[in-house]
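Residue numbers (my numbering), protein chains in the order written: chain V, 2 to 300; chain R, 148 to 461.
Keep in mind the hints are simulated off the structure, nothing from the lab. No residue lacks a Cβ here, since even glycine has one placed at the ideal position from N, Cα and C. Be aware that a few hints might be false.
[Unchecked claim] Pair ranges (Cβ atoms, derived):
#, chain 1, residue 1, chain 2, residue 2, range
1, R, 221, V, 293, 47 to 57 angstroms
2, V, 196, R, 350, 52 to 62 angstroms
3, V, 203, R, 155, 38 to 48 angstroms
[Stated by the list, open to error] Calculated lysine to any residue pairs in the SDA-like style (CA-CA distance at most 20 angstroms, straight line):
#, chain 1, residue 1, chain 2, residue 2
4, V, 261, R, 282
5, R, 272, V, 38
6, R, 272, R, 282
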Amino acid sequence: MATNVQSIVPDAASAASLPKQPSQAAERWRAFCRRRAALVALVILAAIVLACIAAPWLSPYDPYAGNVKERLLPVGSAGHLLGTDEQGRDLLTRILYGGRLSLLSGIVPVMIAVILGGGLGIIAGYFKGIVNTLIMRTLDILFSFPAILLAIGISASLGPGISNIIISATIVFIPPIARIAETAVKEVKKEEYIEAALSSGAGTGLIIRFHVVNNIFSRLFVYSTTQIGICLMLASGLSFLGLGVSPPTPEWGFMLNNLKQVIFIDPIVTIVPGIFIFITSLALNIVSDALSDVLDSKG
Amino acid sequence: MVAFISKRLLLFIPTLFGVSVIVFLMLQMVPGDPVNTIVPADATEEERMRVTRELGLDKPIYVQFIFWLIHMFQGDMGTSIIKRLPVSELLLPAVGNTLLLAAASAVVSFGLGLAIGVYSAYRPKSWAASLFNVLGLAGIGMPNFWAALILIGIFSVSLGWLPSSGMQSIGGGGLLDTFRHLILPTIAASLTTLGVMTRMVRSTIAGLLQQDFVFALQAKGAPAGKVLRHVLKNGMPTILTVAGLQFGYLIGGSVLVETVFAWPGIGQLIYQAIGQRDFPIVQSGVLVVAVAFVLINLAVDSLHAVLDPRVRHS
């Protein structure tokens, strides 16, 4: 068996004796860094995430405690950088605390969908036939809904709550991710190393775990990063419709919903939470664009 | 051609069936007994049983589904729990209003997207193309309900130029009045689609400009306008496919924009119904939009086959 591997991979021995080359990961990181916009976007993203995590240490205010005397202070007021909301709560504080739920509801559904959708796609792509038809046609039906509408329908049925938003967003993202995985698996299955593994007697489980998953992972990863920004917008849209958190919990989409009542009093304060949804999703899109360029090029 | 389209039509039936199954299941997921929303809290057990029987809820779930489907086919979408009116009566005018908004957004985003995309493909190095590229990304990343709030803040509150909600002024108004009410929702709804269209048109046209037939035309001394005509003709199938899908998203995504502007469309109807837990409206609204979305996809596929013979034979 050992000699067999040697004959299939003749370069393995000689490659080891070559002078040490920079690893693929380091090279890709450098390629990523060459994209100035992507690097800036990544720094902004990291700053937003860290600030949201560190909210209790960064802000002296309680996100829930209002102050009747300080209602709707304009942006740039002393002590309240981004002003206060309709109950006199510091807006920046609420945005930082609210970002935790908003960011989670953008990331978690995509992560679960990668596991479930990726799993379904791998099974459908690997086994073909009736299994494939059953899985893919069922997912196609979910795919034939406009995403936001499907999510609204499911969320409305399950009732308001951030966990229900996560469930409905997950269901929305499973079909496209499964489709990407299925296509990728079908391509991988044509490769010779699968045939080699099969003829050497490797079991289905081993082939899927070792060859299939490893080979489609980068494509699945790249695609799912492009979905996080979309998911963030979808989830905040559901929150905006009142399908997410209940008051007084801060969350970006829901804060916009509350503040829209006061748009005729102070239009600037009203739109502040949206800036964070916008910047985060824009930064996510720029980073994922660059990631797909860097990781997808098979050179 | 006929074979291709009839094959698509045959696929359309199971898809439609699947969509209706999912919409039906959504209602089944609603926690709590629907009978409770109808009978008074102090109703007797007999009264509850009577309502349960009337609604057909004592039947097995698949029987309920078949009954529901038959009713839907007959145009009977049930009765609104809150408004006590047939759902179809409420939905029909709303569908028209949503289509008006979607059509206006489509005209704006497809027209501008095509113009900007072609320009950016021809002058990829110009500062305008870079600006459009950034703006396109911004459009895609901007939640449309937030854009809607900004537009109201600027044009209704600060400048006072345009109305912030509804479809007509109180007391009614002419076509011009409706048009004024249409402007802000249209801009808010078109931004994402405009971003997608611009980027897609640019990459499609830029790819075509590198092809041999373009060089051949230029070498023959064809004027720029004629070259553009040839390029557009080649790019149209791709562009129209994406445009068709985007039109579907414009209808589906209208819920949020309509909510902000109180535009009396299907989205706002669904939103209100969610708040009032008026599920027959939510269910039928979602079903109507989903069926429209499937129909648009079917039309896009067929159009693609008409325009591009290669699709038919693949």
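Legend entry - Violated constraints from the hint list, given by number and in increasing order: Numbers 2 and 4, in rising order.
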